[in-house]
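Using the hints provided, position chain S relative to the given structure of chain G.
Number of protein chains: 2
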Amino acid sequence: MRDRPKQLAHLEYLGDAAKYANQIHTLIPKCALLENFSPAEVRLLAHFMDVYRAQAGVEVLAEGEGGDFMFLLLEGRVNVQKRDKGNTPQLLATLDAGKTVGEMSMIDGEPRFATCVAVEPVTVAVLDRESLARIIVEQPMLGAKILMELVLMLSQRLRATSDRLIGMLDESVARVANVV
Amino acid sequence: MRDRPKQLAHLEYLGDAAKYANQIHTLIPKCALLENFSPAEVRLLAHFMDVYRAQAGVEVLAEGEGGDFMFLLLEGRVNVQKRDKGNTPQLLATLDAGKTVGEMSMIDGEPRFATCVAVEPVTVAVLDRESLARIIVEQPMLGAKILMELVLMLSQRLRATSDRLIGMLDESVARVANVV
Numbered sequence: 001m002r003d004r005p006k007q008l009a010h011l012e013y014l015g016d017a018a019k020y021a022n023q024i025h026t027l028i029p030k031c032a033l034l035e036n037f038s039p040a041e042v043r044l045l046a047h048f049m050d051v052y053r054a055q056a057g058v059e060v061l062a063e064g065e066g067g068d069f070m071f072l073l074l075e076g077r078v079n080v081q082k083r084d085k086g087n088t089p090q091l092l093a094t095l096d097a098g099k100t101v102g103e104m105s106m107i108d109g110e111p112r113f114a115t116c117v118a119v120e121p122v123t124v125a126v127l128d129r130e131s132l133a134r135i136i137v138e139q140p141m142l143g144a145k146i147l148m149e150l151v152l153m154l155s156q157r158l159r160a161t162s163d164r165l166i167g168m169l170d171e172s173v174a175r176v177a178n179v180v
Numbered sequence: 001m002r003d004r005p006k007q008l009a010h011l012e013y014l015g016d017a018a019k020y021a022n023q024i025h026t027l028i029p030k031c032a033l034l035e036n037f038s039p040a041e042v043r044l045l046a047h048f049m050d051v052y053r054a055q056a057g058v059e060v061l062a063e064g065e066g067g068d069f070m071f072l073l074l075e076g077r078v079n080v081q082k083r084d085k086g087n088t089p090q091l092l093a094t095l096d097a098g099k100t101v102g103e104m105s106m107i108d109g110e111p112r113f114a115t116c117v118a119v120e121p122v123t124v125a126v127l128d129r130e131s132l133a134r135i136i137v138e139q140p141m142l143g144a145k146i147l148m149e150l151v152l153m154l155s156q157r158l159r160a161t162s163d164r165l166i167g168m169l170d171e172s173v174a175r176v177a178n179v180v
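If you read the protein sequences in the order shown, they are chains G and S.
Positions 1 to 180 (this note's numbering) are the ones given, in order, by the first sequence.
Positions 1 to 180 (this note's numbering) are the ones given, in order, by the second sequence.
In case anyone wonders, no lab produced these hints; they're calculated from the structure.
Don't take each hint at face value.
For identical chains, the list gives no copy identity; a pair is met inside one copy or between any two copies.
Said to hold, decoys possible - Using 25 Å as the maximum straight-line C-alpha spacing, the simulated SDA-like pairs for lysine to any residue come out as follows: (1) K99 / H47; (2) K30 / R77; (3) K82 / D163; (4) K6 / R159; (5) K6 / L152; (6) K82 / I166; (7) K30 / D3; (8) K99 / N79; (9) K19 / A56.
Values in this document were obtained by computation on a predicted structure and should not be read as measured data.
If we strip away everything but chain G, and leave its shape as in the complex, we get (with noise of 0.2 Å):
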């Protein structure tokens, strides 16, 4: 029996995500973590997550809360959200089954970076950061296999964030160099 996350204690537990193993394994194509995993990977992994619901309009990550565990979006869709400087809310993606959300948190702690709500009700798959350390120590393949798509994943996301910012920093140069 797993400690469920205090950050979620107000979601309906619905147990184990063995039982959603099956569901979970349609997700891959649609999955940038589970792209290369197998159905025998992917019962291994069941097994170590627990699946909740919300239902609309509730807050499934909060921005600026701590929680180390991460979610795989098994049904429905959520909005994320990060605040601006004026403190409005501002929608930065919708996301749909098959995406992963909190993967930072998970591994380093910090508090969430956005907000994520249901816009409808949704049914999630949650891995915590102690149950990683768990596949890592039991199932050292599984745990190197999710850590490899992990650093793929963030490593592409860095990528783009990065293009993005130094898009931002050209155009702030040609605006100076325009006004000159």
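Showing chain S alone in chain G's frame:
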């Protein structure tokens, strides 16, 4: 005997990094990747790395080039540069001993994001993807540890880069708001 990456053919090959394990060990406090490594783990890792020397002015990595390896700076400093829209190299950072470069390309095989030029004679220890794959198979706990540290580093860089991007987007919004 490992294959040497062809992108390093212009550097002087100094041999297996096992001879440099003590030197690598002294860099632990300066090295985010190795900060949680024991001396025994550093020795183990060193067996999977090769050491090269480059003279001042030599490009150790070239922006846009392929190459699935990273390096740890053992001695000397490198400038990290990226070309702006006008094709002029812009200095992004100067790195010294203990810093690591090229982790993203090691993992995803994508072209290098930036160029690294030796400011003075430098010695680097190189880890390529094939060696990382061997570590994961032969020393899974060490492999998981390296991957975990890589995830942590990328996660921190992604947070920092995203914060800068959000800051610039906020400024742009503020600028537009001031204009209107």
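Hints, one by one, checked against the model:
{"no.": "1", "hint": "K99 / H47", "in the structure": "within (19 Å within a copy, 38 Å between copies)"}
{"no.": "2", "hint": "K30 / R77", "in the structure": "within (14 Å within a copy, 43 Å between copies)"}
{"no.": "3", "hint": "K82 / D163", "in the structure": "both (20 Å within a copy, 11 Å between copies)"}
{"no.": "4", "hint": "K6 / R159", "in the structure": "between (33 Å within a copy, 24 Å between copies)"}
{"no.": "5", "hint": "K6 / L152", "in the structure": "between (29 Å within a copy, 23 Å between copies)"}
{"no.": "6", "hint": "K82 / I166", "in the structure": "both (21 Å within a copy, 9 Å between copies)"}
{"no.": "7", "hint": "K30 / D3", "in the structure": "neither (29 Å within a copy, 36 Å between copies)"}
{"no.": "8", "hint": "K99 / N79", "in the structure": "within (12 Å within a copy, 37 Å between copies)"}
{"no.": "9", "hint": "K19 / A56", "in the structure": "within (23 Å within a copy, 60 Å between copies)"}
Hint 7 from the earlier list is the only one contradicted by this structure; the remaining hints agree with it.
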